[in-house]
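Now for the letters of each chain:
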Amino acid sequence: MSNNPNIPAPTPGTPQIKKRRLSVSLVWLVPIVAALVGLSMVVNSWLQAGPQVHVSFQTAEGLEANKTQVKYKNVVIGTVTKIALSEDRTHVTATINLDQSAEPFTREDTQYWVVRPRIGANGVSGVDTLLSGPFIGADAGRSEVTKEDFLGLESPPPVTYGQKGKRFTLHTDDLGSLDIGSPVYYRRIQVGQVISYNLTEDGKGVDVQVFVNAPNDAFVTDDTRFWNASGIDVSVDASGLRVNTQTIPSILAGGIAFREPNYSPDAKPAPEHYDFTLYNEQETALAPPSGEPKFIRLRFNQSLRGLAVNAPVEFLGVNIGRVVSVDLDYDPKTQGFPTTVGVVVYPQRLGSAHGKLVKQIGGESEEQSAQLIKRLVDQGLRAQARTGNLLTGQLYIALDFDPKAPKVKFNPNSRPLEIPTVPGSFDKLQEQLQAMVDKLSKLPIDSIANNLNGSLSELQRTMKQVNSDVLPQMRGTLEELQNTLKTANETLDEDSPARQQVNQAMDEVQRTARSVRVLTDYLSRHPESLIRGRTEEAAPGSYKGKSSSRNIELESQP
Amino acid sequence: MSKPPYARELKVCLCHICGFACPQDAHECPRCFSPVHVRKTNSLARTWAFLIASIIFYVPANTLPVMYTSMFSGGSENTIMSGVIEFWQHGSWDIAILIFIASVAVPCMKFCVLGTLLITCQRRSCWAMRERAKLYRFVEVIGYWSMLDVLVVAVVAALVQFRALSTIEPRLGILFFGLVVVMTMLSAMSFDPRLIWDAEVNDVE
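Chains as they are written, first to last, in the UniProt record's numbering: chain U, 1 to 558; chain Y, 1 to 205.
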C-alpha cells in the first residue's frame with residue numbers, strides 16, 4: 001500500500017536515527033517523584049506528631065474518638081483518638097494526640113476537663129457546646145516533670161494558668177452553701193471566687209481555697225476578715241429593722257465577702273496561700289479578735305429552762321463569751337440534779353481591763369488566770385442565770401459581783417475552772433411571789449365576805465325606802481319650781497307690760513334728775529334767785545351758750 | 001484455515017491517530033504527520049513506571065483524610081474507608097457499596113489487571129490472550145469513572161458552604177486519589193495491547 005498515488009514516494013535518504021543517551025527511560029522519574037512525595041509526607045507527619053496522653057474521666061458522655069477536640073483558649077491543640085474503658089471499668093480513658101506545639105500540655109500539673117453546657121446560679125457556660133458537642137478543655141501546668149496519664153477534672157477549673165491573682169486558704173467549721181465558683185466580694189464587687197475546698201486532715205473543719213484576681217488581691221491584707229456572705233442577715237436594733245444582704249446571686253449560690261477592719265494600722269498585703277478564718281457573719285468577722293478562749297464550768301442548782309447553747313455570757317454587761325454546753329448532773333450527796341453549764345469566755349474582749357489585769361498578775365498562763373479568778377471570786381464574783389427576754393424566757397449567764405453572796409471555797413487547781421453561782425433573778429422573784437401568795441391565802445376571806453353581805457343587804461333596804469317615799473315628793477317640788485320659773489320668765493320678758501312700765505318709770509326718773517341738775521346749776525350760779533326769782537340775763541338761753549359739752553349732749557337728746 | 005497475514009509481513013504499520021497504513025520504516029504518518037511506531041515506544045517500562053507511581057500514591061490517598069465535614073455538631077475528617085464505614089454503619093449500605101466500588105475496588109482491580117498484563121507480556125505468556133485483551137479494554141473504559149470520588153468531593157465542597165451550620169472542605173487525600181486515577185489512566189494508555197499477541201510470534205523489535 002505504499003504506492004498511494006496521493007503522496008509522493010519517500011525519497012531515500014539518510015534515515016533519521018534517534019539515539020537515546022540514557023539506557024533508562026525518563027518515565028521512571030514519575031514513580032521516583034511519587035515515592036519521594038510519599039516519603040516526605042511520612043517524614044513530615046512523623047516530625048509533626050505531638051505527644052500522646054491518656055486522660056481518665058468518670059464518663060465518656062459526649063466524647064467521640066477522632067472527633068472530639070482538645071482546646072486551649074478555644075484553639076485546637078489535639079484530638080481524641082481513642083476512648084476505652086479502664087481495666088476495672090470504673091472510668092474511661094481517652095487517648096489524646098496532641099499537636100507538636102502542645103508540648104506544655106504534658107506537664108505533670110496539666111489539667112484536662114470536659115466542657116459541657118453548665119447552668120448554675122452563677123450563670124450559664126458552654127452554651128456553644130450544645131450544638132458543637134462537648135470538647136476537652138486543657139490548661140497547661142508549670143511543672144518541669146512531664147507525664148502521660150492524667151486524671152480528668154469533672155468540672156472546669158475556675159482559675160486558668162497564668163491568671164494574675166493570689167490564692168488564700170480560709171478555715172471554717174462547715175462549708176455552708178459555698179461551692180466551687182462561689183464569688184468572693186470586696187465591698188460588694190466580685191473580685192474572686194472559690195476554687196476548691198477540702199476537709200482538714202482531722203476532719204474537724206473545712207479548708208476553702210479562694211482566688212482573688214489581680215489587682216484586687218492587693219486589698220487582702222494580713223488583717224483582712226473573711227465572712228460567709230450567703231443568705232440574708234436580718235437584725236432588729238434601736239434604729240429599727242435592718243436587712244443586710246450581698247448580691248442576689250450570693251443569696252442563692254452563697255459567697256464570701258472580705259474587708260479589713262475599720263482600724264488596722266499596720267496591715268500588710270497578705271502573701272499567697274495566707275491562712276484566714278472564715279467567719280459566719282460580718283459582725284463577728286469585723287469584731288476585734290477574741291483571742292484564746294477559756295473554758296469555765298458553772299453548776300446551777302436550779303432549772304435552767306430557756307438557757308440554750310450559744311447563749312451569751314456577760315461580765316458586768318459586756319459580752320465576753322457564750323454557753324457551749326448544758327448538761328444535767330446527779331449529785332448523790334444531796335440527791336439533787338444540778339445543771340452543769342460549760343461556757344467559753346474570751347478574756348481579750350474585756351479590752352483594756354484585760355491588759356491591765358494581765359499586767360497586774362504578770363502573765364496569762366493557766367495558773368495565773370486561775371489565781372486571778374480566785375481573787376475575783378473572793379471579791380464576790382458569781383455567775384447567775386438571768387432572764388434576757390421576758391417574752392420568750394431566754395436565759396443568759398451573767399457574771400457579776402455580789403458582795404452579799406455567801407463565801408464559798410474556790411479551788412484554783414480544778415480543771416476546768418469552776419465559778420460559784422447564785423440563784424437566778426427569776427428564781428428570787430418566784431420566791432417572793434410565793435411568799436406573797438402564802439400571805440394572801442392566810443387572810444379570813446370568808447368572814448369578810450359575810451360582813452360585806454350584811455352591809456350590802458342593809459344598803460339595799462335603805463335604797464328601797466328612798467325610792468318609795470322620798471322620790472314622789474321630790475317630783476312635786478320640782479314641778480312647782482318649774483312653774484315659778486316660767487312666771488318669772490314671762491314677767492321679765494322684753495314685751496311684758498311690767499317691763500314697759502319700768503322703762504317709762506326709769507325715763508321719768510332720768511328727766512327728773514336732769515331738771516334737778518339744771519336747777520342746782522342755776523342755783524349755784526344765781527343763788528340769789530332763791531330770794532329774787534329768775535332774772536332776765538340769767539335766762540336759760542344765756543345759760544345755754546356757756547354750757548359744757550356734756551350738757552349739750554343731754555340737751556340734744558330727745 | 002489460513003490466517004490473515006501479519007502487518008509485519010506486508011511491511012506496513014498503522015498510524016496511531018488516523019489509522020493510515022504507513023510503510024514500516026516511516027517515522028511520520030504520511031497523511032497526518034504524527035509519529036508512527038510499530039509498537040508504542042517503551043510501552044512496558046512506561047506502564048510499569050506509571051503503575052508503580054499510582055500504587056505509591058494510593059497509600060496516602062487512603063490514609064490521609066479526603067474530606068473535612070464540619071456540621072454544627074462538630075467537625076470531623078474522613079478518609080475514604082472511614083467514610084465508607086460510616087455510611088455502612090448509618091444504614092446507607094447502597095451508598096457505601098457505591099463509594100467502595102468506585103474508590104477502592106476499581107483502583108485495586110486496575111492495579112491487578114495492569115500488573116497481570118505487564119507480567120504476562122514480559123513473560124511472553126500465551127495464556128488466555130483473548131481474555132487479557134478484554135480485560136485491557138475493560139480497564140480503559142472504567143478508567144474515566146474512577147474520577148467519581150474526586151468529582152463528588154469537588155461538587156460537595158463547592159456546594160455545602162453554610163458557614164456556621166455546616167462546611168465541607170477537601171483535604172490532601174483527594175489530591176492523591178486524583179493522582180492515582182491519572183497515573184492508572186496514563187499507565188493504561190501507555191500499555192500497548194498488541195504486545196499481548198506478540199507472544200504468538202517472534203518479537204517485532
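What the hints contain is simulated information worked out from the structure, not anything from laboratory work. The structure presented is a predicted model; accordingly, all values stated were derived computationally and were not measured. The beta carbon of each residue, even a glycine, is placed where N, CA and C say it ideally should be. Be a bit skeptical, because a hint or two may be false.
Said to hold, decoys possible - Here are the simulated SDA-like pairs of lysine to any residue, each with C-alpha atoms no more than 20 Å apart in a straight line:
| no. | chain 1 | residue 1 | chain 2 | residue 2 |
| --- | --- | --- | --- | --- |
| 1 | U | K67 | Y | L165 |
| 2 | U | K67 | Y | F111 |
| 3 | U | K67 | Y | T69 |
| 4 | U | K71 | Y | E77 |
| 5 | U | K67 | Y | S166 |
| 6 | U | K82 | Y | I85 |
Unchecked claim - Short, incomplete list of chain U residues facing chain Y, as computed with Cβ under 10 Å:
| no. | residue |
| --- | --- |
| 7 | V33 |
| 8 | G38 |
| 9 | M41 |
| 10 | V42 |
| 11 | V43 |
| 12 | V75 |
| 13 | T79 |
| 14 | P104 |
To be verified - Just a few of them, taken from the derived set where beta-carbon distance is under 8 Å, the chain U residues facing chain Y:
| no. | residue |
| --- | --- |
| 15 | P31 |
| 16 | A35 |
| 17 | N66 |
Status of each hint after checking the structure:
The straight-line distance between the Cα atoms of K67 of chain U and L165 of chain Y is roughly 17 Å, inside the 20 Å bound, and the hint therefore holds. Between K67 of chain U and F111 of chain Y, the direct Cα distance comes to roughly 33 Å. Violation of the 20 Å bound is thereby established for this hinted pair. Taking the CA atoms of K67 of chain U and T69 of chain Y, the gap is near 11 Å; set against the 20 Å cutoff, the hint holds. Proximity of K71 of chain U to E77 of chain Y is assessed by CA-CA distance (about 17 Å); at most 20 Å being required, the pair is judged to hold.
For the suggested pair K67 of chain U and S166 of chain Y, the alpha carbons sit about 15 Å apart, so the restraint of at most 20 Å is met. A hinted pair counts as satisfied when its Cα atoms are at most 20 Å apart, and K82 of chain U with I85 of chain Y qualifies at roughly 17 Å. For the restraint placing V33 of chain U at the interface with chain Y, the shortest Cβ-Cβ distance is roughly 7 Å, inside the 10 Å limit, so the hint holds. Given the 10 Å rule on beta carbons, the hint for G38 of chain U holds: about 5 Å separates it from the nearest Cβ of chain Y.
The interface hint given for M41 of chain U holds, since its Cβ lies 6 Å from the closest Cβ of chain Y, which is under the 10 Å cut-off. The beta carbon of V42 of chain U is positioned within 10 Å of a beta carbon in chain Y (closest approach about 9 Å), and the interface hint is therefore held. Among the interface hints, the one on V43 of chain U is violated; its C-beta lies about 13 Å from the nearest C-beta in chain Y, farther than the 10 Å criterion. Using the Cβ-Cβ criterion of 10 Å, the hint placing V75 of chain U at the interface with chain Y is not satisfied: the shortest such distance is roughly 14 Å.
A hinted interface residue such as T79 of chain U counts as satisfied when its beta carbon comes closer than 10 Å to some beta carbon of chain Y; here the least separation is about 9 Å, so the hint holds. Evaluation of the P104 of chain U hint against chain Y yields a violated restraint, the C-beta minimum of about 24 Å exceeding 10 Å. Annotation: interface hint on P31 of chain U holds; nearest CB of chain Y at approximately 4 Å, less than 8 Å. Of the supplied interface hints, the one on A35 of chain U holds, with its beta-carbon coming within about 5 Å of a beta-carbon of chain Y, less than 8 Å.
The restraint placing N66 of chain U at the interface with chain Y holds, with a minimum CB-CB distance near 7 Å, inside the 8 Å limit.
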